[in-house]
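Student: Construct all of the structure, not just a fragment, from the sequences and the given hints.
There are 4 protein chains.
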Amino acid sequence: MTVTAHHPGTHTAATDFSVFQDLESEVRSYCRKFPIVFHRAKGAELHGEDGRVFIDFFCGAGTLNYGHNNDFIKRRLTEYLAADGIVHGLDMHTVAKREFLNTFAEVVLRPRDLDYKIQFCGPTGTDAVEAALKLARKATGRTGVVAFTGAYHGMSRGSLAVTGSRRARRAGGIGPSDVTFVPYEDSPQGTFDSVGYLERLLADPSSGFEIPAAVIVEPMQMEGGIYPASPDWLRSLRALTERHGILLIFDEIQAGCGRTGTFFCFEHAGVVPDMVTVSKSIGGYGLPLSLTLFRRDLDVWEPGEHTGTFRGNQLAFVAATAALDLWRQTKFHTDLAVASRRLDRFRTELLDPAIVTRGRGMALGIDLAGAGGPERADLVQRHAFEHGLIVELCGRHDEVIKVLPPLTIDIARLDRGLDVLRDALHSTRNR
Amino acid sequence: MTVTAHHPGTHTAATDFSVFQDLESEVRSYCRKFPIVFHRAKGAELHGEDGRVFIDFFCGAGTLNYGHNNDFIKRRLTEYLAADGIVHGLDMHTVAKREFLNTFAEVVLRPRDLDYKIQFCGPTGTDAVEAALKLARKATGRTGVVAFTGAYHGMSRGSLAVTGSRRARRAGGIGPSDVTFVPYEDSPQGTFDSVGYLERLLADPSSGFEIPAAVIVEPMQMEGGIYPASPDWLRSLRALTERHGILLIFDEIQAGCGRTGTFFCFEHAGVVPDMVTVSKSIGGYGLPLSLTLFRRDLDVWEPGEHTGTFRGNQLAFVAATAALDLWRQTKFHTDLAVASRRLDRFRTELLDPAIVTRGRGMALGIDLAGAGGPERADLVQRHAFEHGLIVELCGRHDEVIKVLPPLTIDIARLDRGLDVLRDALHSTRNR
Amino acid sequence: MTVTAHHPGTHTAATDFSVFQDLESEVRSYCRKFPIVFHRAKGAELHGEDGRVFIDFFCGAGTLNYGHNNDFIKRRLTEYLAADGIVHGLDMHTVAKREFLNTFAEVVLRPRDLDYKIQFCGPTGTDAVEAALKLARKATGRTGVVAFTGAYHGMSRGSLAVTGSRRARRAGGIGPSDVTFVPYEDSPQGTFDSVGYLERLLADPSSGFEIPAAVIVEPMQMEGGIYPASPDWLRSLRALTERHGILLIFDEIQAGCGRTGTFFCFEHAGVVPDMVTVSKSIGGYGLPLSLTLFRRDLDVWEPGEHTGTFRGNQLAFVAATAALDLWRQTKFHTDLAVASRRLDRFRTELLDPAIVTRGRGMALGIDLAGAGGPERADLVQRHAFEHGLIVELCGRHDEVIKVLPPLTIDIARLDRGLDVLRDALHSTRNR
Amino acid sequence: MTVTAHHPGTHTAATDFSVFQDLESEVRSYCRKFPIVFHRAKGAELHGEDGRVFIDFFCGAGTLNYGHNNDFIKRRLTEYLAADGIVHGLDMHTVAKREFLNTFAEVVLRPRDLDYKIQFCGPTGTDAVEAALKLARKATGRTGVVAFTGAYHGMSRGSLAVTGSRRARRAGGIGPSDVTFVPYEDSPQGTFDSVGYLERLLADPSSGFEIPAAVIVEPMQMEGGIYPASPDWLRSLRALTERHGILLIFDEIQAGCGRTGTFFCFEHAGVVPDMVTVSKSIGGYGLPLSLTLFRRDLDVWEPGEHTGTFRGNQLAFVAATAALDLWRQTKFHTDLAVASRRLDRFRTELLDPAIVTRGRGMALGIDLAGAGGPERADLVQRHAFEHGLIVELCGRHDEVIKVLPPLTIDIARLDRGLDVLRDALHSTRNR
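Residue numbers (the UniProt record's numbering), protein chains in the order written: chain F, 1 to 431; chain C, 1 to 431; chain X, 1 to 431; chain V, 1 to 431.
Errors might be hidden in some of the hints.
Note that the list lumps identical chains together, so a pair holds whenever it fits in one copy or between two copies.
Each computed DSSO-like pair below joins lysine-lysine, with the alpha-carbon atoms no more than 27 Å apart [what the hints assert, rightly or not]:
| hint | residue 1 | residue 2 |
| --- | --- | --- |
| 1 | Lys42 | Lys74 |
| 2 | Lys33 | Lys138 |
| 3 | Lys74 | Lys331 |
| 4 | Lys33 | Lys117 |
It is worth saying that the hints were derived from the structure and are not from the lab.
Nothing here was measured: the structure is a model prediction, and the numbers come from that model.
Tutor: The structure is reproduced here in structure tokens:
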């Protein structure tokens, strides 16, 4: 198959996608929306094989918070490879791991008074969630888990069981299980007193509901449609779970690592969860890594009870240590504050009362449910792509435009991207 | 804590492990057996920070079939990074992915007449298994799965449900589920007519057993204790599953990618499974990657039904393409044949009738169940470590020594490693 | 063990309970509250072996709506036995069954325009629920079921799964399953918009909630604490389930067969469920019988798909036919109306604002949650027993006095029983 | 619909079945095979409304071991009803229950040294099984149960989960659960070393199989096709379960109460199970009753943890006490021995090597699997019915004729019935 795309300012290319179509499973998704073959990337920009250049407001769904192929991180990786630093070491002691551990403790844990142990899971977000749920069940001796409507926690069987999407659940053959779903604070169906509801179930000895091992929640739902939970809601959830001896797990896989302005998204609520899962942007270079963090006293694992071949990804450690060195630079935060304000201004200037926006820091959701719906969102995405901007959709029906620029984007490119987006919204207004 | 290790020919070092003990979860395992901090690696050798050098007969449990930091692969990776090749691209079309697809088709699929589609799962073996089981259930509309005693398929909830280990299952809170376990062809409890047993259950309408979606099996059980299935058994399993319309999944994660002499371990039986999972040594450089392969007509996935942030690991694609370029060199196979024969000779020369050996190609299990048991195996491992050799244990009680040298090991180092191993067995004989 | 009980107007007896204590399981419950050996019964009265006589406001938890050993029914039973009418016939055609079917159609189904098929389950309420849930799952091809907090549907595994009590569930090893619990309209935790909540879950494609096969509900919760659902709530539940193609099952096992004034409790709401379960008082003589009724088009059973040895209890058919002959007598309903009004008057005269009463027809709950709680309820029950009245408790913590006189009770005995009850409430006021 | 049946020696009747067809669910089964309306019964004979008389070799699937409407039992029932003995009493202390308990202890438990506690379940066999499984799980704190291929234990969800029939399981929506099925000692697929197989699973820590709470087994499978377990097999099962601390439950619901010559079928093996379920013929008059018996130390029930409206069926107690009084008469056993020998002689005289017979005492299975199969069995049953004999089929495909005459049948009627059966087999020989 040959797709012809027009791109302003570059040549027009006829690209051959047949090898992907012939050999790769029908499960592939993003590539269907962005009909181009990429070959290089730098900072906020993606380069197509055909010469086209795109500003990236998607960033690997939050994996590239420091931009593509960040030079500071890249230098460290290149040196490590050149020196034949150990690349694969399972969970052996290595120099790279030690440096990461020390840096993570110094930059992330200690300044926040978080007395967590760190588990290196299989290098995927879903495995961090699997480990957290396993450990919560083991530590409490209970089996139930509470999750929220709209939740996305991953695609392996344990994580999918706490993920709300009916479509994904059906594809995975997930039946009803030991997971109880409760409406999130906010959703397309409106707000809900989730904590009051849980209290009601817990208080009633005939509710058919057992005290669960854990409540797992994204402090800001990303795939669900960019719904940030309020500090009050997170605090009352923390109080409820403490009152009943239930572990509270925050899934920070997409919203964490600086995306919302603080390292963890939950920091703004001033609460401390019992467990945290992080992954995508720990290193920020796109190298697989994930962590499950938990209160020291919950570390009841026996050696090897949760393992995985790639759980100690040394190159990703090197990248992560470098990324944290970036994070502690003052300039990084000054620049980030400027970019965040620019994104905020864009949001306030949208001025269409039918469009709802939600977000925090460098994460913005533009909800078109009441202003054209998924059809318009699709057109916005296509329009943006045709004009050199990559944005992704989210929400129950892909009706929300998800704006995730690199945290490190320069203001000029940010503005150019926002201009394209504004134009895309404008030109699809009457659709 | 400080551990003092004596190593012949190098200086004695007092190493500080406190940061690992303080910050890393108790789940860590291998590092407890090998009290050293590694920092460099090359070919068949691992270098400790303290100057000690070890021959590696463990190879990341089969992840490093081409040895550590293989120069051929390394050059490609370094060039790619230098050129700012795209490192993180989700499942977008990329040049690196296209090259891998073309090479994999040319080197692996077409010569074996395998008309498979390829799915890039989350870059862990367990995720490849999760995807295979999901797809098998979706494609058949059934839920049950048959797995085997002694099986190891991974640690996420879906994979753990088909893994035999009672200890791992308990840690994961895995109860009885839609998985039926049947004894493998061989085991510490002796051989079993697994296929006849399954036929009995399937034939009896009152057996309480539903026709399952799939049978999942390792053509050679590795963690279970190095049990290679016979060609006859695999063929009759293939015949049974075909007769009843059950999908046959071969898990080649540890035994595949050349470990047994052929690219897939199942090739020696002359059967073609409906699905295959591969992971560890696709690239052989230690970079996370996994594939689920399946018959073209089984590709009933809808876009995005199984996803994951790191599922298109571009660096691993680059490494994998390079590794396959190595695989197609004649010299690689000539050298491999020589090494395999040397390993076979070692095996036949063991001469202790109480020691049972099993294996194929460059995988050897030395079963001490009747010759000292787990206690002796532990001593062998320690003795080897003290004399500069890394070997791992497997089996129900860690009573089997698992010998997995790099496929590319030079004969001198192979012999040196085998000498240490022979000496370790000898010196523990009366324990 | 010997218990000495004082009973006004009769002699004092020392009864020997040792055979029960020695041979009968610890699971026995009611006999612990009523330390006496009964031997005869008639109408509203129970006779102890020791000569004491009790007014029965418990009536076998609604099994004896026509009083003990009702003479009209008794004559029919005696004649049938004398004539060697068939007593056990599985599900064969019998004269007794035909007469019951004809009478049930004439007295119950046709006057209410209910075009139901009738299934004779195993002669227990729980088996009627099991059959209803099975058929709902089979007819819809779905597995999920919605049940309500406070619900009681029986003790076999399928029924227990839709029963709310945490204690009963734990005893039965019932884990989370394909049942979703939702708060009932009213409960000790206050009222709840159950239908709005269900609509929210159904409308949200990411709610983690699948469209269920059925909603099962008691139109009046009895064991839960005598909570009658409002007509509005039942109507909106009917509308919701119709809108989404979900089957609506009314469990009328305790509240049906005339207890609330109409034959079915749900009649007052003017809705027609898809399935109904009835049991206890079909025959009203205490002989085991249960029915599952369902819409004609739902009768997708294959022969024998739900069976049971005692499912065609012929003696119970004879009693049931006689009971329905009683039910169609005008005098029966005139008397019942008088008795119901007397019970209502008692309720309005209680005059203690801290005591909450709920009920309908000849079912009254006196909720002492805010007026002494379970401790006082226990004292009330003991005081009543000592003064010749049997009443039972219900509610989450046995804090509700459950008043279920025979529908056929004469006013004199009703008044005498209510006097004892009033006195019991009065004398425990300051406890 | 009108069916015309010809019956030798009686008039021909056109019977109207329309009311059953119109009102009763399609789930009805036996009545389809026996197109007649019964109205009276006595001893070994059933009387149709049309005057036809049948010898009953079915006996309510073992419910009528003392024949229909046994006069000895009937007199007690009639007197009890006349005296207004209490008919419904939940689990209160009653005179009828005390008499039953004393008699059961004296006639059944003490002579066999069985120190069991007695639980009165809901009056169905399936409820006795539900209670046994619940208690086994509660007492051991484990969840798994082992059951056998070919097993029938009832139709409620817990019992169905241990029942083998794929058809019944599918109708009930029973998926794989915490039940592991293992082949019974004998089956249409041949014999199997079930105990060796279980030992293998238990011994292997990687078998994917947890130590179960209980093994539930019929000492003689009835519905499965009349397969008596050998004493050796039962003894080795007892030894295995003791060795591993697993509870052994014998389901004696169909084979118990004298059917095999001893009161319990398991007596011939000389083993003592931890729990026993009995039901059908405790009273033998067709009145619903069931018991769960268990070792005294297993009685860990809390009051009311397993309940049911009809669990104390007083009339059935009266019948059961009478039945046990019959059982202790010498003449009863002398007559039974004569009848059993007659049945044995019939069996040995069948002389067709293609016909396999199995059985014990007054239970005989005639397996036509190799001699005409289900088609011939159906013809045999029809032929018998046309000639005045009721027999039922069993086995995986209804290929086994199940012969269950009353234990009290006179030799003349037994011979007449066997003559009809012999003739039916003969006349269908070439089908």
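Student: For Lys74 vs Lys331, is the C-alpha pair at or below 27 Å within one copy, between two copies, both, or neither?
Tutor: within (19 Å within a copy, 34 Å between copies)
Student: Within a copy, between copies, both or neither: where do Lys33 and Lys117 come within 27 Å Cα-Cα?
Tutor: Only across copies: Lys33 and Lys117 sit 21 Å apart there, 40 Å inside one copy, limit 27 Å.
Student: At most 27 Å between alpha carbons: which applies to Lys42 and Lys74, within, between, both or neither?
Tutor: both (11 Å within a copy, 22 Å between copies)
Student: When no copy is specified for Lys33 and Lys138, does a C-alpha distance of 27 Å or less occur within a copy, between copies, both, or neither?
Tutor: between (42 Å within a copy, 25 Å between copies)
In this structure, none of the earlier numbered hints is contradicted; all agree with it.
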